[in-house]
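Chains C and G, in that order, give the protein sequences.
The first sequence begins at 1 in our numbering and counts up one residue at a time.
The second sequence begins at 1 in our numbering and counts up one residue at a time.
These are computed hints drawn from the structure, not numbers from a lab.
Please note: incorrect hints may appear among the correct ones.
What the hints assert, rightly or not - In silico SDA-like links for lysine to any residue, alpha-carbon gap of 20 Å or less:
#, chain 1, residue 1, chain 2, residue 2
1, G, Lys-29, C, Lys-147
2, C, Lys-53, C, Arg-106
3, G, Lys-29, C, Asp-112
4, C, Lys-70, G, Ile-117
5, G, Lys-29, G, Ser-182
6, C, Lys-43, C, Met-1
7, C, Lys-70, G, Ser-30
8, C, Lys-70, G, Asp-39
9, C, Lys-43, G, Arg-90
10, C, Lys-70, G, Val-54
11, C, Lys-70, G, Arg-90
12, C, Lys-43, G, Lys-36
13, G, Lys-29, C, Glu-127
14, C, Lys-70, G, Trp-65
15, C, Lys-53, G, Ser-30
16, G, Lys-31, C, Met-1
17, C, Lys-70, G, Ile-194
18, G, Lys-36, C, Phe-48
19, C, Lys-53, C, Gln-11
20, C, Lys-155, C, Glu-127
21, C, Lys-136, G, Ile-92
22, C, Lys-43, G, Ile-117
23, C, Lys-43, G, Gly-184
24, G, Lys-29, C, Asp-32
25, C, Lys-147, G, Gly-184
26, C, Lys-31, G, Phe-112
27, C, Lys-43, G, Ser-182
28, G, Lys-31, C, Tyr-45
29, C, Lys-70, G, Leu-187
30, G, Lys-31, C, Glu-28
31, C, Lys-147, G, Ser-182
32, C, Lys-70, G, Ala-188
33, C, Lys-70, G, Val-34
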Amino acid sequence: MQREFTDQLNQCRGIIYKVIRLYVNDAEDEKDLFQEIVFQAWKSYPRFDGRSKFSTWLYRVSLNTVLTFKRRPAPVERIENLERVAGANDPHEKREATEALYLAIRALSEIDRMIVTLHLDGYENEEIADISGLSKNNVAVRLHRTKETLTKKLKDQAV
Amino acid sequence: MNLQEVWKKLEMEKLEVAQPSLLNPWATKSKHPVAKLKDAYKITTIFSVVFLAVFVVLLFLFDQWVVQVAIGATIVGYVFFFVTNFSMFRRIKTGLPLDGSVKSALQSTYDFITANIRFQERTALFIYPVAAAAGYVMGAAASGADAWEFIQKPVVLWLLLAFVIIATPLCWMLTRWMYKVSYGVCLAQLRALIEELEQSN
C-alpha cells in the first residue's frame, strides 16, 4: 500500500504545491504544510475507495489540511504587486505578469480562492460543491462574481 | 481574456523543501492543532501519573490522619484526572478525518478544539481547590503543628476558604489564557471560514 500511495502521490504532488502556494506566505509554514498534507493523506489513504480520482481526493485532503492548520496571517502587499506588473514589457516582467493571476487569486477570500482554483482546474460546480460543502447554486454565484473580478483585474493590467 | 488559458500557462514552482523527507509520512510527526492537543493529553497523563506517585509517597510520610485524608482526597482527584485525560488521549488516537468536505472538516476541527478546552477548564475547576486544600494542611503539618488543631482554628478555616476562593478562579483564568495563547489564532481562523461558508448557504 505504501508503494501504491507513494506512486500516486508523486504523480499528483503538483496539487499540493499549488494549494500551498495559494494559501501560505511563510517558508516555514510551506515546509510544515507539505509534510502535514502528505502525512494526513497517508493516514486517510485506507479510506480512499477509488470512487473519485486520486487527484480529487488529494485536492480535498490538501485544502482541508491547509485550512484547518494554524497559519501566519497574509501580508497585504499583493495588490500593489499586481498593479506594478501591469505595465510589464520585458520577458522577465511578462512572466511576472502571468504570475499576476496568482496574485489576483491570492487577494481573494480563502473560500473564493478555493472555488476559483478548483474551477480553473476543470472541476464542475457539483464537484466543487461536494468538496467545499457549499450548495451548487452558491458555488455558481460566487464563481460568477469571482471570475468577473479576476477578468477585470487582468484586463486592467493588460491595457 | 480566458482565465483558464492563463491558468494553464502558469508553471508551478517547486517549493524549496528537503526532498528526502517529502515522501516519508511514516517518519513525520503531525503539527496539526488536533495532533498538538493529543500531545498535550499525553503529557498531562504522564504528569498526573508522576503527581499520583508523589502523593502516594507523601501519604506514607505524614502520620497525621487529617493530612492523610487531605492527601487521599487529592489522590482521588488525580485518579479522576488521569482517567479522563487518558481516555481523551485514546479518543484522539486516529485524529480527525480530513478527506470529507471543507465545511465539515473545519466544523469538526473547531468543535473538537473548543470541546477539549472546555473540558480542561472544568477539570481545572475541580482539581485546583482539592490540591490547594491538601497543600494548605500539609504545609501546617510540615511546619510541626498538629493539623487537626490547626484546621479547627476559625481564622485558619477562613484563610483556607479565602485561599481557595482566590486561587481557583486564578488558576482557571490561567488555564483559559494558556489555551487562548495556544489555540486562539487557530480558532479565530476556523470560525471566520465557517462563518463565510455558512453565510453563503
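Inset, instruction - Tell me, in ascending order, the numbers of any earlier hints that this structure violates. - result: 1, 2, 3, 10, 11, 13, 14, 15, 16, 18, 20, 21, 22, 23, 25, 26, 27, 31
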